[in-house]
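> Heads up: the sequence lines are chains A and X, in that order. The first sequence: position 65 = 65 (our numbering), numbered continuously. In our numbering, each residue carries its 1-based index in the second sequence increased by 1000.
Please keep in mind that the hints were generated in silico from the structure rather than gathered at the bench. Hints should not be assumed to be uniformly reliable.
[Unchecked claim] Ranges of calculated distance between the beta carbons of each label pair, as one might list FRET restraints:
id, chain 1, residue 1, chain 2, residue 2, range
1, X, M1001, A, D64, 14 to 24 angstroms
2, A, D67, X, N1054, 38 to 48 angstroms
3, A, E27, X, N1054, 18 to 28 angstroms
4, A, D45, X, L1070, 42 to 52 angstroms
Remember, it's a predicted structure, so these values are computed and weren't measured experimentally. Each residue gets a CB set at the ideal place from its N, CA and C atoms; glycine is no exception.
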Amino acid sequence: MNSSSIGQDKATQYLHGLSELIQAQIEAACADLAQTGELLDEAVDQLNQSFNALGEGLMQEQDDRTDTSPLLPHVHSAITGLQFHDLASQLLQRIRQRLEGLSEIAAAAAMSDGPATDWDQSRQTLMEQQSALEQRLQNRLRQQNLDSGDIELF
Amino acid sequence: MKNILAVDDSRSLRQMVNFSLKSAGYGVTEAGDGVEALELALSQDFDLVLTDQNMPRMDGLTLIRSLRQLPRYQRKPILMLTTEASDEMKAQGRAVGATGWIVKPFDPERLIAVVRKVLG
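Isolated chain A (complex conformation):
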């Protein structure tokens, strides 16, 4: 075995080790994301229940009034705010998809076969995986702040 092939063996071992490390970290990050999503769902479920009870009380109060309740603007503001749960859940889902895509790329990198590896082919595969991931993530969430969205009638 010459020094060149020894070097390539070490490079392959390093790549395998790096791939395993990346995949383990991504797996842990995905678990954290799932837990974050569950906590968010649970918190918003409780908020929704409270909101519905408050809303029903307000509607009953409204029936007895001739003017609009001063609480109504706050209820409307709460409705806009609570919708960010839906947007946040979609963003968490996108992060999970990105991490899974990264994990697939790391796994593919570990498949290299030392000196026998066709590096041009490997590079092409990486580019294809990156492109496939971006295709899956094409739809971007535009909302950047807590303002309500646009309305357009055709």
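Assemble the complex: chain A is given as a structure, and chain X must be docked to it using the hints.
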């Protein structure tokens, strides 16, 4: 009372739409995706359909296309309520027959104003 079909796979979002429109005096029926909405639209006559785009089983654009093929819904207002905000998606909505496009999160007062306007 005008009846509105609210379609969204998010239960909390449906609740928000339901509460907003009921507070303005509308009757609201909920559906969790396009397939359920189409079944409801075939069995009941709604005055307006408000639908999300990204849903399991059937998305909003497909639902609108399907509804527009039914004589009963050829002229009924159908509004898209979605996080999708690109001009390309809006153009697709217009092409399949959407009446308008509302980007989430919605402001209840503005939603009610638009619903009033399209219902005449």
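> Looking only at beta-carbon atoms, does the pair M1001 of chain X, D64 of chain A fall within the given range of 14 to 24 angstroms?
Holds, since M1001 of chain X and D64 of chain A (Cβ atoms, about 21 angstroms apart) stay within the stated range.
> Starting from the hint 38 to 48 angstroms, judge whether the C-beta atoms of D67 of chain A and N1054 of chain X obey it.
Given a distance of about 40 angstroms, which is inside 38 to 48 angstroms, the answer is holds.
> If you check the beta carbons of E27 of chain A and N1054 of chain X, does the distance land in 18 to 28 angstroms?
27 angstroms, holds
> D45 of chain A and L1070 of chain X, beta-carbon distance inside 42 to 52 angstroms?
36 angstroms, violated
Of the numbered hints given earlier, the model fails hint 4 alone.
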